[in-house]
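Chains A and B are the protein sequences, given in the same order. Here the first sequence is numbered in the numbering used here, starting from 2 and rising by one per residue. Here the second sequence is numbered in the numbering used here, starting from 11 and rising by one per residue.
Calculated directly from the structure, the hints in this document are not laboratory data. Here the structure is a predicted model, which means the values were calculated and not measured. Among the clues, some could well be false.
Facing chain B, a subset of chain A residues (Cβ under 7 Å, in silico) [what the hints assert, rightly or not]: (1) Val68; (2) Ile71; (3) Thr79; (4) Arg86; (5) Gly89; (6) Gly93; (7) Gln94; (8) Glu401.
Even for Gly, the Cβ is constructed at its ideal location relative to N, Cα and C.
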Amino acid sequence: MDALTVHRLHFAFTAVFHYLFPQLTMGLALLLVILKTQALRTGKECYNHAARFWGRIFGINFAMGVVTGIPMEFQFGTNWALFSRASGGVIGQTLAMEGVFSFFLESSFLGAFLFGERRLGPRLHWLSAFLVFLGAWLSGFFIIATNAWMQHPVGYQLLPDGRFALASFWALLLNQWAWWQYMHTMTASVVTASVVMAALGAFYLLTRQHLEYGRMFVAMGVTAGLIASCILIFPTGDVQGRNIAYDQPATLAAMEGLFTNERGAPLMLVGQPNMSEKKLDNPIYLPRLLSFLTYRRWKAEVKGLDAFPEDRWPDNIPLLYFAYHIMAGLGTIFVAVLALAAYMLWRGRLYDTPLLLWALMLLAPFPYIATTAGWLTAEVGRQPWVVYGLMRTAVGSSVEVSAGNAMFTLIGFAGMYSLLAVLFLFLLYLEVQRGPEAAAEEHGAANGSGSALAAD
Amino acid sequence: MKEAHTETLWFCLVAIMFAGYAVFDGFDLGAGIVHLFVARTEAERRSVLASVGPVWDGNEVWLVAGGGILFFAFPVVYASGFQGFYLPLIIVLWLLILRGIAIEFRNKVSSLVWYPLWDVVFAGASALLAIFFGAAIGNVVRGVPLDRSGFFFLPLWANLRLMPTAGILDWFTIIVALGSLAALTVHGALWVAMKTAGAVAARAHKAAEVAWWAALVITALLVIIVPLVQPHLGHRFRDAPWGFVFPLAAATGMFGMKLLSSAGRATGAFLASCLYIVGMLTSAAFGLYPYLLPSSTDPAAGLAVYNSAAATYGLTVGLYWFIPGMALVAVYFVFVYRLSAEEKIPH
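With the rest of the complex left out, here is chain A (with noise of 0.2 Å):
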């Protein structure tokens, strides 16, 4: 395996990796203010103890997410050195804001969140969640602004020595391209966190233990779910797809699996791009549909592959192709069964309906499978370009770095990362087996002994 190769999976891991974690802490920080303003409101303590039961398991989570995410900075420099030499200028403003604006504000309040409660009374401690909550949502802000440079270049000029510099501080941050990103990459993080939640109060509901809290969550996820996944189609999901049509043409007939140009361009839904005879096996689609999304008009010319040279096709097309059409197909589900939940729910018959629960249930995995999906499509999307149309991907990694000891801390990370895994499924495991009723005593507990620090 060549040097270049190595880096790219090393990136591609770590971030893979990586993101399992901040998905579910960003769309949790908002279900946690929700919880905390209507403990506010109501002055009901069970909206308390789900806070402090959802505050546990964010905590496990943000610890994962803080570990695995100090190293896709560092890997900037480490790995992708010429890139990072040729673009700190411009991206180099968007990461450090994240640094002073994100990472302070949310560890310090996350900090105040988990161990002040009793010291900070109910509307310091709701501040202080809020607070949270806007220090992940700006951090995603950030990194989304990051990368969309990267997919959408804009306010940067090109230096004699090669260099980007940046012309223009807003046009870097009022980027067009991040702020659907953003939204798109926000509601997939609520869709997350929302059905993670429903997913693990219906496991109660069905081992009927911890009824009062299981309605809660069925309740609250479906409700923020099916928000969140509506919005993800539209308009979110929409405008990105046209975004890439107009800025990245070439990714959008490789995603569609469109390898020739076509008026009237069907939306395929299923089939396998076979890269030889340049088609699509088995094919089912529905006719003009994607000519319609795209343009707005039903015979409208979509460019198909052989619009474009190959050198700019993306370099995997097969990987592009499925990681949209899962991402796509997955985010359709999510609408479908939880329209259906949410329907009962107003009917106030889902609580008695076992096959729909466990369907909730056992959907829990497929939003991280979605939102996984949805970076490779982005991230495989850009290639051959590690800046869209400015620099190529093969040019912008670390040549000092050899392909022996990159593969050597790929291996690292694998191994550390797969125990990493374990360990925190297992402290999932135990959290979700206390549940909420034990956040509760516990904070009682703490109450009394008059120390909230040492609790832990």
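Since chain A is already given, all that's left is putting chain B on it; use the hints.
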């Protein structure tokens, strides 16, 4: 050298970010180094962990933010340094992972095999991180074999001699690494002494006393050998003698912590330790200026404020968000530390 005021300002801000990291995360690294010795029972261990539990993560953000600021202001240094120090940096990442997990997950399971496992991981990773960070400072002070391409790559070790044939670890960087270990041991022990009561505080006080002598000896040794290893540093202090305020601050901190600690003034001793750490790092930064990463083989190839910074527009814009941003950070830190400082941690 052309005038480079904005670049120089960012050089100072980068130095401040890393000094902030050393002071803040330094004490929780130090607490990790000493906790096996100063805390023997489960309750004592918990009291040490509780003293860093709510703040360690915010402290570590100084490293992440400092890295971000370096990337933003001096992308050429970031790219060259992170690639060149590839292996030690990745090992630092693994240690940071293990250490964070140890702190966060230790108290999640009540078991006689769970606690000691994470206690040892916490201590070992903390000590190794102090050593690696010291070695990193040693490498930056000594310089690295940069050529005109602006890049280099160093193995972890070769033959322990100085450049150009050695690796990251040579006799000089090992001395700096041990100095860092001693300094952070004192720093962490003073923190624990300040934050706890009873037997733990007494043992921490004693640990600080012992490690202080090690820190003193290594610091004195460094004062002698650093100008020999990096002559640029000597020239800087000769050309701009006002820079002696930085080593003077370090010396004040060094002897201040001894006097205050002996007088039983735990908070004062800890603050003196902060002054010592900031004094040492700012002395190094002042002595290296204008270089961020000097070359050990070709002085003209060194990465300095005038040949490795981002363009001026970006640096100027950055000041408009950095200054209010860090003012907010100060507010958070005051709030969080006051919240956790209301009482001594019981056990």
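Hint-by-hint comparison with the structure:
| no. | hint | in the structure |
| --- | --- | --- |
| 1 | Val68 | 4 Å, holds |
| 2 | Ile71 | 6 Å, holds |
| 3 | Thr79 | 5 Å, holds |
| 4 | Arg86 | 4 Å, holds |
| 5 | Gly89 | 2 Å, holds |
| 6 | Gly93 | 3 Å, holds |
| 7 | Gln94 | 6 Å, holds |
| 8 | Glu401 | 4 Å, holds |
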